[in-house]
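These are the residues of each chain, in order.
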Amino acid sequence: MSVSRPIGTARTIWLIARLALRRQLNIWQSARFGRKKKAAAELSSGAGVVRSGTPAKSRGRSVFSIFLLLIMAFNGFNIGSRGLIGLSATSRELDVSSDKISVRGYTQAKLVQAEKELQHARELPDAVRREKYLGMWNRYVDELFLYEVRGERLSEDDENNRVQQMRDVFAQRGAAGFTARAKDTFWVSGETWPRDSQPSSVFLRSLSLIVLLWMAFIVFVSLGTNNKNLGEVEWNFEWLYTFPASARALFTSKLFVYSFLNPLVWLFFFPFLVLIYVAGGFGFKAILLGLAALLYLSILAGALSTFLEVALRKLLSLSQLKNVQALFTVLGTVSLLLVYASCLSKPLDDFLVARATAMPEFLAWNPFSLPLILGLPSAPVSQMQIVVSVMVVLIFAFGTFALLGSEWLTRDGLVKAGGPYQGTRRIRPSPPHKTWLRGAAAQELLLLARDRNLLVQVLVVPLLVPAFYLLIYSGMVSAVSGNFRHAAVMAFGVGAYSFLSSAMPLLNREDKTLWQLLTFPQSLATILVKKAMVWAAFGLLYGGATLLLITRFSHHLHASSWGEVFLALYGIALYAFIASGIGILATNVLETDRRARFRTDMVYLYMILAAMYANTIYSPSLWAKLAQLVLSTLLAFALWQKVKDITPYFLDPVARPPRSLSLADGMIAALAFFVVQGLVFLVLHSVTDVSLPAQITFAYILAGLIVAGLALYTFWRQDVPDLWKKIGVTRIRDGVAAQPVWRGVLRAVALGALAALGAIIYMRVLNLFPQGQIWKQDAELSSFLSRADRPVWICILVIVAAPLFEEFLFRGLIFQGLRRTTGPALAILGSAALFALVHPPISVIPVFGLGIAAALSFQMSGFLLAPILTHAVYNTMIIFLNKS
Amino acid sequence: MSPSQNSNLVEIRGLTKSYGAFDAVKDLNLSVSYGQIFALLGPNGAGKTTTIRMLMGILAPTAGSARIDGLDCFQDRVEVKRRVGYLPDEPIFHDYLRGSEIIRFSGEMHGLNRAEIEKRTRPLLQQLELHDALEEFAVNYSRGMKKKLALVCAMLHDPALLILDEPTNGLDPFATRALHEIIRANAAAGKTIFFSTHLLDQAEKLCTQIAIVAKGRLAAHGTLGELRARLTSDSSLEEIFFSVAGDSGGVAGL
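Line by line, the protein sequences are chains H and Z.
Just so it is clear: in the first sequence, position 30 is 30 by our numbering, and no numbers are missing.
Count along the second sequence from 1, add 884, and you get the number used in our numbering.
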């Protein structure tokens, strides 16, 4: 006798939606921010031990994810508002007679003023003064034009032409030849939606086109990228089908989940919709209206997705499904990129507005743009009522269509007959075996050739993004063909970008087949290196092809460009290993949930690193290039050292390599230090007006504080045993402990003084040579060594704070990290070399000396205070003794 | 190498694996000498798979050690794998790869050339009747076929030790019989077989040595005869199993 009781439709939907929500929450919950809790129950044996889930290895999910989430939400708003503002401006321009040049309101006002002043100047009796004033005002007008043109991201030639055109118009017609563009605001406001009927309607129609793109994105992405089980044997819907619930209830719940539980929609689409109503002048009510529009559009998209999924599953075979999924991934990506491109690019905006103008007005009344009509600033109430009632009807129509359609499709069963065993069993001779590629690399290539989903993600999507940028920044084409440096950066960018989907998810792709790799008599790290090499080759192919194409069509590859070619290609090869290293460390192979298996925030870390590398291709300084080259290479080695450390423990849910500070930690901290330093400097530079050396010093110290703090926090959270001892805050070795502290202190002071003496002598020697003097003066302009306007507080910071953070990074982390794998001599030299590398070229030699002195005093005394003291003594002496 | 390491192919000493407060395997001591067919018996959740995964170097022991041919299973795992063929309980293969391609890949990873792979595969395929499915994508195989394919891969490099995790799970009677024959033939050729199972009759029929584990601990160890002698009666393995694993053993392990 069964005790199963029938449950209603509403209850079914609730249960399934709750399950989906629970799952979503669990994903978020796995991102814990507190310290890992110690197992409450101590090891006890025998009965009474309740087996809870095996505690996962903490993977140190970072503060970084929250930060990213904020940035993404901000981006949603920012891009949306820029798009709306641009669109608003473009639709307004339609109304203006085209013989006037549209400029910013500010420029227009200044032009009127300048015209008056010029008129005034021309009437001056004194010829000399007249010339002077005329010249001054003409220069001012030129500057206005330049300022105007710079904002449009044109190539240099186009810029000059445009400025010339403006000059001509101004000479002929004065300020009357210009018209003020709509008010330039950073944020969308109630005025953004044009009020005049014609522009207002064009604005509405353009928006409806953008919303159509959004809908395409949502549907394609939920079926493509997000829906991993579309092309798989197990469809989790089959499981739900085994419960005693009606098909209708199940399909309804699917629709519900598709509609409301898609985080992408909430993160990106919702801000966009809210902004539309803000533009319509609804103030805070815009949030409610945006929510209503979102729910309406989500249900429509959810209905489409549900029906499409059922139809595809029912009508297509498994292999066809995979291809369709690949296609959807591409379409979804392209739709999103088009949405963003339309927000960021003026030419595309023009195109969109032109299409919208040509489009008959009634098309704006399609189901997907109905909510937009509600945003019209001056719509009559009766029209609103009609729109709302049509929307309600449409929700039911779409829902009913999806449900009845799905039911009809599955009237003779949920799954296509035959189950997993579809397709004919063809006995074909195996393809000829290529003997030059064997084992892991060959398998990777074979998979790439077969799996079209993978092929698209790995080889096609990376090409879409550069294409997208070319679309947005029309000036980029001429820039790339005009300057080989741009071409090199572009080549590096294409190569490095391709690794995001090829080398980075290297291990993640292995998924449940990892067991097989573990049965072979090769270490997993070795196998992974071979796979990384395959992707490095593909990246090089892409980068090389980019370079060849550019040189073929536009250049002039002169001798000096070979350095850039080398930097680009070496960078690509290197970043294949950095990407795969980061990717492997970011993958938790034990995690069964696909979305939680891979820490996506690490993608951004990689992109930041790659951007830094690309930046050095631009850098004119050979030194900066060398430093970046060495740092990146070391980083790659450090990452793979870490990979080697952890690969043996991959499938073990509890054991981990003995925790310690690794070189990788130090390298990442050092790199982060320089990024943060640059950022802080930029902020200070634009916000305060303290002197340049003060800014540099302050940025340096603030960056040290931030990075050191974050590093300590991370180690603390990871439960590194004996953390303080390892960094050297307390004594490291007991063997040295017998030594009295004062001896360590004395030695530290002596070493610091010695290093400072060396530095001063070095400076004197430099003074003997004319080249050295120039060099030194150049350096002093922007470096620490300049003593001009250095207030006391800066001196104190330099003496007290700088040694603290620098020593923590370079001795506490990097020296100690190196010390783990090499002897003291190599560790001292290596850490000092790194320390020297990140300083300006003039001070490399003295700083190298300081590095050695500090490392020596650390090594000899065994606590971090010693090198800090050494460093402080050095800084003090440099500041006060190097006066002449 | 000490003599004790020489005489036993598999040497497990004080092996322990804990997940937090839970001991999946606790202080396990076992040794298997060359040419044995050794069965690790136990109810679900007794720690059989955990033990096998530690033998394969997939899990790191919390305490104690497991050695194969004198090599530490975790520290020297690369060398260990030259000597070991492994059949997991549920082998999962890459989609988009054909059976033949997976076999070739496995062979190449063991350093075999194409002719050797061909030569060694042919009799195995014949025996397991896997021939006609070789050009099919392995992801479409039924569970039994996947298992056969994994078995072929495990035996490609002629390992001294075969570690089989629940080998007959999902196999049809024909394949089960073929597997039994393969196991016996291997043992006759001087190879050692270490397999886990909860099928008592299978263990009774095949093996020369038995260890029964329950709740992560060794409950009994010896030949079938020794176990019988210890329990005084002429009992079947089933009776022995229930008496040492205990009625509660199955429940507590779940």
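A hint or two may mislead.
To give a feel for the contact side, a few chain H residues facing chain Z, derived at Cβ under 7 Å [unchecked claim]:
hint, residue
1, A17
2, K512
3, Y604
4, T647
5, L651
Don't read these hints as lab results, they were simulated from the structure.
These figures come from a predicted structure and were not determined experimentally.
Backbone N, C-alpha and C define an ideal beta-carbon position, used for all residues, glycine too.
Now for the hints, and whether the structure bears them out:
A distance limit of 7 Å between C-beta atoms decides the matter here; for H:A17 the minimum to chain Z is near 31 Å, and the interface restraint is violated. The interface hint given for H:K512 is met, as the beta carbon of that residue sits about 4 Å from the closest beta carbon of chain Z, less than 7 Å. The criterion of a C-beta within 7 Å of any C-beta in chain Z is not met by H:Y604, whose closest approach is roughly 29 Å, and the hint is violated. Evaluation of the H:T647 hint against chain Z yields a violated restraint, the C-beta minimum of about 10 Å exceeding 7 Å.
Restraint check, H:L651 versus chain Z: the minimum CB separation of about 5 Å is within 7 Å; hint holds.
The structure does not agree with the numbered hints 1, 3 and 4 stated previously, though it agrees with the rest.
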